[in-house]
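K.L.:
Listed in order, the protein sequences are those of chains R and Z.
Residue numbering for the first sequence follows this note's numbering, beginning at 1 and increasing consecutively.
Residue numbering for the second sequence follows this note's numbering, beginning at 1001 and increasing consecutively.
In short, the hints are calculated from the structure, not lab data.
It is possible that part of the hints are untrue.
Claimed, not checked - What follows is a set of in silico ranges between Cβ atoms, one per label pair, in the way DEER data are often shown:
(1) 1223/Z to 12/R: 45 to 53 angstroms
(2) 31/R to 1039/Z: 27 to 35 angstroms
(3) 86/R to 1117/Z: 53 to 61 angstroms
(4) 1130/Z to 49/R: 33 to 41 angstroms
(5) 22/R to 1158/Z: 29 to 37 angstroms
(6) 48/R to 1083/Z: 31 to 39 angstroms
(7) 1158/Z to 12/R: 33 to 41 angstroms
(8) 1120/Z to 51/R: 40 to 48 angstroms
(9) 72/R to 1174/Z: 50 to 58 angstroms
(10) 51/R to 1158/Z: 37 to 45 angstroms
(11) 1174/Z to 4/R: 21 to 29 angstroms
(12) 51/R to 1139/Z: 50 to 58 angstroms
(13) 41/R to 1199/Z: 52 to 60 angstroms
(14) 51/R to 1082/Z: 17 to 25 angstroms
Stated by the list, open to error - In silico DSSO-like pairs for lysine-lysine, Cα to Cα no more than 30 angstroms straight-line:
(15) 41/R to 1221/Z
(16) 1117/Z to 1035/Z
(17) 1225/Z to 70/R
(18) 1221/Z to 1044/Z
(19) 3/R to 1113/Z
(20) 39/R to 1221/Z
(21) 1225/Z to 1165/Z
(22) 32/R to 70/R
(23) 1221/Z to 1047/Z
(24) 70/R to 1165/Z
(25) 32/R to 1168/Z
Stated by the list, open to error - Partial chain Z-side listing against chain R, Cβ under 7 angstroms, derived:
(26) 1037
(27) 1040
(28) 1046
(29) 1163
(30) 1227
All values derive from a computational prediction rather than experimental measurement.
Backbone N, C-alpha and C fix where the C-beta goes; we use that ideal spot for every residue, glycine too.
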Amino acid sequence: MKKRGRLEIIKDILRVIQENRNSIRQTPLLRKSNISTSKFKEYFNELLEKDFVKETKSNSGEKRIALTQKGFNFLERYKTIVNFIEEFEL
Amino acid sequence: MAGPPVHSLIQGVGIELIYSFVIILSSLMIYYATKEMYELSSYKGIKYFRQAFLLFAIAYFFKSFIKILLVYFGASRIIDINPRFMGPLTLFIFMFFGSLAVFYLVYSLMWKKWNGKSNVILGIFYVLSIAISFIIITTRQIEVFIGVSLFIFAIAIFGLYITHKQSKNKKKKNNIYVIYTLLFVFWILNIIEVLIPSFFQFYQILLYLASLGVFLTILYKVLRKSGSD
Chain R
1 MKKRGRLEII KDILRVIQEN RNSIRQTPLL RKSNISTSKF KEYFNELLEK
51 DFVKETKSNS GEKRIALTQK GFNFLERYKT IVNFIEEFEL
Chain Z
1001 MAGPPVHSLI QGVGIELIYS FVIILSSLMI YYATKEMYEL SSYKGIKYFR
1051 QAFLLFAIAY FFKSFIKILL VYFGASRIID INPRFMGPLT LFIFMFFGSL
1101 AVFYLVYSLM WKKWNGKSNV ILGIFYVLSI AISFIIITTR QIEVFIGVSL
1151 FIFAIAIFGL YITHKQSKNK KKKNNIYVIY TLLFVFWILN IIEVLIPSFF
1201 QFYQILLYLA SLGVFLTILY KVLRKSGSD
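Go ahead and model the full structure; you've got the sequences and the hints to work with.
P.N.:
Here it is, written out as structure tokens:
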């Protein structure tokens, strides 16, 4: 299997959140992201820092993760960004 | 060395201003059209690519400034301008930003290969740009001007060759390497045109049209691919 690049991993993490009706707990997100725990923490902190995801609390007080508008924008623009990188060999 | 007569410089300055304006505008449009993509992805290749075009815009601004200075002071070469510091200083800034723009574009293609050493590599590029600019302002020999221009060109072509050799998209028809090569060729010719004004006397307009064609092609590709058109 081809090794995923940084952008692809970010896209996959965000996609998992989106496909779970924009609300998921951290443990299933880690499992579905298909990366090691240490790598996941690294990426998750980056996504929080860059305001791609936010932590919310459900009615039962459970901590959940949701996409921000910036996270949705990234998913929307992902294909364009990848095509641009390929086109200009960056 | 006898330069072109001053009246021809005055005639040429209008063309020069329009030419520089279009290239500066194209470069800035490339810079701003890629802003959102970079902010979303933080992708280093996009970062260096857009910085290269910002540097091209600055370099072209100083290129047109040099032409205006030549007309204003009635000089045929920038290093002959009086007050004495003005010519060398402007030339230094032009050469510095121009060389750095080429190096940044090369780095945008090769950054993955040098990832983790970016500070060292970029540091080397800054030192090289300063050294090149210093050599240019302290020498008055045409051979040195051409030698330095060829040196910048050699680095650019070497970077392109390595990237093309390792490209994963070889099967896919991609003319970007031709465009990059033309960009480097015409940029080097633009440098020679500033250093040796009499070099392109009759072909200046052709050089300008070709350079404009390259920049506008890149702008078109950027706008199309970034979804900004």
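K.L.:
Does each hint hold? Answer for all of them.
P.N.:
Right, here's what the structure says about each hint:
| no. | hint | in the structure |
| --- | --- | --- |
| 1 | 1223/Z to 12/R: 45 to 53 angstroms | violated (29 angstroms) |
| 2 | 31/R to 1039/Z: 27 to 35 angstroms | holds (30 angstroms) |
| 3 | 86/R to 1117/Z: 53 to 61 angstroms | violated (24 angstroms) |
| 4 | 1130/Z to 49/R: 33 to 41 angstroms | holds (35 angstroms) |
| 5 | 22/R to 1158/Z: 29 to 37 angstroms | violated (48 angstroms) |
| 6 | 48/R to 1083/Z: 31 to 39 angstroms | violated (56 angstroms) |
| 7 | 1158/Z to 12/R: 33 to 41 angstroms | holds (36 angstroms) |
| 8 | 1120/Z to 51/R: 40 to 48 angstroms | violated (31 angstroms) |
| 9 | 72/R to 1174/Z: 50 to 58 angstroms | violated (30 angstroms) |
| 10 | 51/R to 1158/Z: 37 to 45 angstroms | holds (40 angstroms) |
| 11 | 1174/Z to 4/R: 21 to 29 angstroms | holds (23 angstroms) |
| 12 | 51/R to 1139/Z: 50 to 58 angstroms | holds (52 angstroms) |
| 13 | 41/R to 1199/Z: 52 to 60 angstroms | holds (59 angstroms) |
| 14 | 51/R to 1082/Z: 17 to 25 angstroms | violated (55 angstroms) |
| 15 | 41/R to 1221/Z | violated (37 angstroms) |
| 16 | 1117/Z to 1035/Z | holds (24 angstroms) |
| 17 | 1225/Z to 70/R | holds (20 angstroms) |
| 18 | 1221/Z to 1044/Z | holds (19 angstroms) |
| 19 | 3/R to 1113/Z | holds (17 angstroms) |
| 20 | 39/R to 1221/Z | violated (35 angstroms) |
| 21 | 1225/Z to 1165/Z | holds (23 angstroms) |
| 22 | 32/R to 70/R | holds (21 angstroms) |
| 23 | 1221/Z to 1047/Z | holds (17 angstroms) |
| 24 | 70/R to 1165/Z | violated (36 angstroms) |
| 25 | 32/R to 1168/Z | holds (28 angstroms) |
| 26 | 1037 | holds (5 angstroms) |
| 27 | 1040 | holds (5 angstroms) |
| 28 | 1046 | holds (6 angstroms) |
| 29 | 1163 | holds (6 angstroms) |
| 30 | 1227 | holds (5 angstroms) |
Consistency with the previously given hints fails for numbers 1, 3, 5, 6, 8, 9, 14, 15, 20 and 24, ordered from lowest to highest.
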